[in-house]
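With the hints as extra help, turn the sequences into a complete structure.
Single-letter residue listing:
There are 2 protein chains.
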Amino acid sequence: MSRWFHDGEPANVVSIDDRAFQYGDGLFETIAIRSGEPRLWNYHVDRLVMGCERLQIAVPDVPTLRKQLDKAVTDSGEISAYCAAKIIVSCGISARGYARENPTAAKTYIGVFATMPVAAKLYRDGVETLVCDTRLALFSATAGLKTLNRLEQVLARSECVAHSAFEGLTLDASEQLICGTMSNVFIVANKSIITPSLHRCGVEGVMRRHTMETLAENGIAVNMRDVGEAEFYQSDEVFLTNSQFGILPVRRCGEKVWQQNPITRDVMAMMAKKGVAECAL
Amino acid sequence: MSRWFHDGEPANVVSIDDRAFQYGDGLFETIAIRSGEPRLWNYHVDRLVMGCERLQIAVPDVPTLRKQLDKAVTDSGEISAYCAAKIIVSCGISARGYARENPTAAKTYIGVFATMPVAAKLYRDGVETLVCDTRLALFSATAGLKTLNRLEQVLARSECVAHSAFEGLTLDASEQLICGTMSNVFIVANKSIITPSLHRCGVEGVMRRHTMETLAENGIAVNMRDVGEAEFYQSDEVFLTNSQFGILPVRRCGEKVWQQNPITRDVMAMMAKKGVAECAL
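Residue numbers (the working numbering), protein chains in the order written: chain L, 1 to 281; chain F, 1 to 281.
Hints may contain errors.
What the hints assert, rightly or not - Derived DSBU-like pairs (lysine-lysine); straight-line CA-CA distance at most 30 Å:
{"#": "1", "chain 1": "L", "residue 1": "K86", "chain 2": "F", "residue 2": "K146"}
{"#": "2", "chain 1": "L", "residue 1": "K274", "chain 2": "L", "residue 2": "K121"}
{"#": "3", "chain 1": "L", "residue 1": "K274", "chain 2": "L", "residue 2": "K146"}
{"#": "4", "chain 1": "F", "residue 1": "K86", "chain 2": "L", "residue 2": "K146"}
{"#": "5", "chain 1": "F", "residue 1": "K86", "chain 2": "F", "residue 2": "K274"}
{"#": "6", "chain 1": "L", "residue 1": "K146", "chain 2": "L", "residue 2": "K86"}
{"#": "7", "chain 1": "F", "residue 1": "K146", "chain 2": "L", "residue 2": "K146"}
{"#": "8", "chain 1": "F", "residue 1": "K274", "chain 2": "F", "residue 2": "K191"}
{"#": "9", "chain 1": "L", "residue 1": "K86", "chain 2": "L", "residue 2": "K121"}
Hints listed in this document are in silico derivations from the structure and should not be mistaken for laboratory results.
Rendered as structure tokens:
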């Protein structure tokens, strides 16, 4: 099923001394591959480079990384038309201890995975969500980044599985809405579009950025600020963004049901025109 | 140098699909081995079991784990008289995604490492520390636990390396003293002993617990509460606890120097009597 590569060669195992295994010392990106091409490549590169700089991990050579990605997608064979690629940048191998002996010896691993498009019905009718009990810690040193320290998302995702929800929305420890376990969230209130500020925690998704930039090109400013739980439940519409599925309306969260989502549909139409084909209804 | 084992066999590599590598989905313990025996074994087990329960990871069978540990120490050969063993419990292997497919398929890895005792001079004169710029996130869902999500400690440890400090002390994002990158911290003020509360973040160290219990047996109550940075710098003495080195006085933090540490010396004497031989001066 999965196919992993390192330096162009198949890699099914890693050293037990890899710092990603020992400490989660690294970053990752999950990229939508469409007709063999990585969608929003430059946005993924931007976040990965920013993450390496903030964590003081050697930045991979981007042209080399792209060549390795293209080769991995090709070598993975028939699944390249519609799949996901996961790039892991680990801080590499060291002896025991938190101290990095050789911070420049970062290692890059690329996995290619067959994926199924989300059912058209969910793009039309929206998805079921819940607000997770798991809270995100505040003022994280890695806020915004997609690091390999993902226990909060793992715990929140277990709640989704237990409740058969498509996605779980997470609040931070000050009860502000932040994001989903695998998505960012936008709300519509009084015809304006709002997305939570992510300076305290959360991941700055590439599809969130693409959505905000697409809206800006259409003359619509997204309001990025704190969103409390009450405001979320009182909103007129809610939608999720994610690199793989693009945009999905939220139909339900707990007892709350959103029946109409005209503005979300407008946003989806704009995104479909900008190459996110899944958003075309 | 290092020797890793899984199910009693040497294990130098792990599956790239191991959730410890992908998400830091697991826990670890670092245990002092003295004359072939794991020191404070029951305390390590208590924390590991509590961690597995809180993270919903299958609890390893403790008698089996102990047999595997003893075998690993023996198989590691000549280093067993004075070494460290690291037990990693990973949530196991799954396909891509935060959701755990089979939460009961946890995997245990045991590494045995030669270690050098800390120089006697440092037990006598104390160690050099700094307060790290890296802040610990607040109200972590994994506060107290020794999880595989250790990026904050990695970043703080890089600061120690840059300043050639023995240890870096970390504050949380509300500027309260929490712990060191690899130790817990105690301060002495007006002859009372205080250690930071760890309900918002930090790791509940086994030597911290052993110190508090030893002091209690000697009729001395440790005050566990918030400690601000100002109170820390104004304290009369500071000492660190860690499973490997036991107790070390702090001689310096930045500009502040502590010249005398009579109460720390009393605590070290009590700990030496309780089997932490390193504390005997």
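Note to self: So, against the hints stated earlier in the document, which numbers end up violated here?
What the structure shows: Hints that this structure does not satisfy do not exist here, as all of them hold.
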